[in-house]
Amino acid sequence: MSNSPKTEKEKNKDVKVTATEAKQDETKKKNVEDQKKTDEQQKLEEKHKKEEEQKEEEQKEEQKKQQDAAKKKEQPKPTANTDKVTYESEIKPTIDAMIKEYDEIWNQDWRPIWGEASKDPASIDKNVLKEKMESITNRYDELSNKNTAFKSGAKLNDPVLKEKIERFRVEFGLATNYRSNAGRAVNQGIKGIAPLKGRMEEAQKSIKLSDQKLINAVASLTEVESKLGVSRN
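Heads up, the sequence shown is in UniProt numbering, so the first residue is 1 and it goes up one at a time.
Heads up, some of the hints might be wrong.
[As the list claims (entries may be wrong)] Below, in silico cross-link-like pairs of lysine-lysine (DSS-like), each with a Cα-Cα straight-line distance of 30 Å or less:
(1) K55 <-> K43
(2) K100 <-> K213
(3) K146 <-> K84
(4) K29 <-> K43
(5) K71 <-> K55
(6) K71 <-> K155
(7) K49 <-> K65
(8) K155 <-> K100
(9) K84 <-> K151
(10) K65 <-> K47
(11) K119 <-> K100
(12) K84 <-> K100
(13) K191 <-> K126
(14) K119 <-> K205
Since the hints were derived computationally from the structure, they do not count as laboratory data.
Produce the entire structure from the sequences given, and follow the hints as far as they go.
Below is the structure:
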């Protein structure tokens, strides 16, 4: 059975439906375009915001650099000879005095009696030997305390020089302690705390160790003075 032709009324209805659909499609397209424009606007605003934030961050960074540069400019730079002046006026005199005292104790109290005592302890008056060894021990202990209190190396600007002065202080302190121990060891033998012969040998070992430590201390000092252009008198 074939379809009968549409009536005029039905044709008009189809036109209306088609027109409605067309209008809906147009509205839909417009909404899509409006949303697209809105999205693009949001993207532009976000981009602009990020650019502003980045610009502000760059300005802050540049301002910080300028402030840091200004601070560095304000800080007085130490002159090339500042450490040399400090060393010669505040450090070297103290070191020279301690080294001089180190040698004087040895020459005044140890040398006059040690040569004979080390060969034949029985030939030496024990009271005289005891008195000398006590003097040696006490004087080196006092010198060790002076060395411990010596902190002037911290006034130097160069960290390498500071380290070498500290190295001198440590090694010189050990040298004075070993010489003090030498006198103490001999007195232990005189007092009968331990055999005198064994204590004399122990004193000899301490003396050798003190000599090595003094060599180390002076080596560090020589490096400092060489770098500063100061002669060791």
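Structure versus earlier hints, numbers of those that do not hold, lowest first: none
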